[in-house]
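S.K.: Just so you know, the sequences run in chain order S and C.
The opening residue of the first sequence carries number 2 in our numbering; numbering runs sequentially from there.
The opening residue of the second sequence carries number 161 in our numbering; numbering runs sequentially from there.
Calculated directly from the structure, the hints in this document are not laboratory data.
Predicted model only: the values in this text are computed from it and were never measured.
Cβ coordinates follow ideal geometry from the N, Cα and C atoms, glycine included.
It is possible that part of the hints are untrue.
Below, a sample of chain S positions facing chain C; criterion: calculated Cβ distance under 10 angstroms [claimed, not checked]: (1) S84; (2) G107; (3) P109; (4) R110; (5) V111; (6) G126; (7) H128; (8) Y193; (9) D197.
Here are the simulated DSBU-like pairs of lysine-lysine, each with C-alpha atoms no more than 35 angstroms apart in a straight line [stated by the list, open to error]: (10) K173/S with K304/S; (11) K192/S with K179/C; (12) K192/S with K283/C; (13) K242/C with K192/S; (14) K192/S with K185/C; (15) K192/S with K262/C.
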Amino acid sequence: MRDLINVTDLTEEEIEELIDIASEMMAAPEDYLDLAKGKILGTLFFEPSTRTRLSFTSAMMSLGGNVLGFSEAASSSSAKGESVADTVRTVSYYCDIIAMRHHKEGAPRVASQSSTVPIINAGDGGHFHPTQTLTDLTTIRLTKGRFTDMTIGLCGDLCFGRTVHSLIEAMKRYDGIKFILISPPELRLPKYMRDDLDRDGIEWREVTDMEEVMPELDILYMTRVQRERFFNEEEYLRLKDTYILDMDKLETAKEDLSILHPLPRVNEISTEVDSDPRAKYFEQVRCGRFIRMALIAKMLGLK
Amino acid sequence: MNIDGVTTGIVLDHIQAGKSMEIYKLLELDQLECSVAIIQNAVSTKYGRKDIIKIDEQIELDFDALGYIDPNITVNLVKDGKLEKKEHLELPQILTNVLTCKNPRCITTEERGVAQRFYLADKEKRAYRCAYCDVEHTEHK
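For reference, chain S alone in the conformation it holds in the complex:
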């Protein structure tokens, strides 16, 4: 594996292997403290994301490696007008692997063409976010014990929500997966993705009401309506609180439902849900650190 741009760059077997490595690391983190000693991770965050950047940093430090980089475009040379290709080519001489986030879709693909070291896409605009998807997949496997025969509800911003797009891409490869897309009409899944689901013969349907489908769900993936994806503030304000998950709405849900959220949340999951055993979104954060450790170790050829 040279670069990770989209989660579908990985085969199902490679994903399983990464999750196995992550599970081993979770069980005995002390065994891996020196695994990446002497290696450097470059974190190039042209768009700020404290959460993802800290997760990568924590992952690399947990492997005994070092981290360098920037956390916003203003503190990088792109503020001086440097191209992504030039910035990445330069930084690739300072480190062994790069995790990058950029607001433009496809920027990591451009980076991979000029980098001398592996590139991990840490989010490119509304496009892909493969390490979040790996985090989601790890959480799904650890909480459900399988990837097949599930009904997955995706709720909120399905238009700009890249985590949703990547999760659909990854999960549709497994047998017996059915998607229920819960969103207001303005934030429905892009047409090209709906066309893909049809072309691949995947069972899916769209609804606007969360409660009517709640009893069917094995996984409920909540998302935040992201202010930064809107050109129009008014539109954002109108749509941001369309769905709020609370204990009342969970009344008809299955006992073994897993509630996931890529975080940060705003209002879309009421805090009263946090103590319910079905709430898995903070477990997801923990999975995120270990799957990034596994990914870095694998891409550096250390595992």
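Dock chain C against the given chain S, drawing on the hints supplied.
M.R.: Leaving out everything else, chain C in the frame of chain S:
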């Protein structure tokens, strides 16, 4: 219509009637110094009407671009008055610098020096998607 008049050169045959000027521009045939003939609305036994372009020199052709515009075009390479080679086109898997991505969120709208690349996503629908942002191109359909 036959290939009389071209001793050594290229004849693009079976162009969909009305598409020849688009191809003329795309292949930048106006930049050539040799003679170029465009025949429009010629009678075709196969398609009813067709366009033909005759180029009086064996230039390098962008077969991918041609295949994208019209995969039914036949390319005849003529040398010393004889048909040297006949090529049938097909829809190319990758298009480089033929289409331009219209997605305002795509990196290609901002980054200098990046080739515009599209991949064939659906052969039946002739759908191409940007190799960077995966958004489908919506013209020429």
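S.K.: Compare the structure with each hint and give your call.
M.R.: Here is what the structure says about each hint:
no.	hint	verdict
1	S84	holds (5 angstroms)
2	G107	holds (3 angstroms)
3	P109	holds (9 angstroms)
4	R110	holds (5 angstroms)
5	V111	holds (5 angstroms)
6	G126	holds (5 angstroms)
7	H128	holds (6 angstroms)
8	Y193	holds (5 angstroms)
9	D197	holds (9 angstroms)
10	K173/S with K304/S	holds (28 angstroms)
11	K192/S with K179/C	holds (30 angstroms)
12	K192/S with K283/C	holds (17 angstroms)
13	K242/C with K192/S	violated (50 angstroms)
14	K192/S with K185/C	holds (32 angstroms)
15	K192/S with K262/C	holds (16 angstroms)
Of the numbered hints given earlier, the model fails hint 13 alone.
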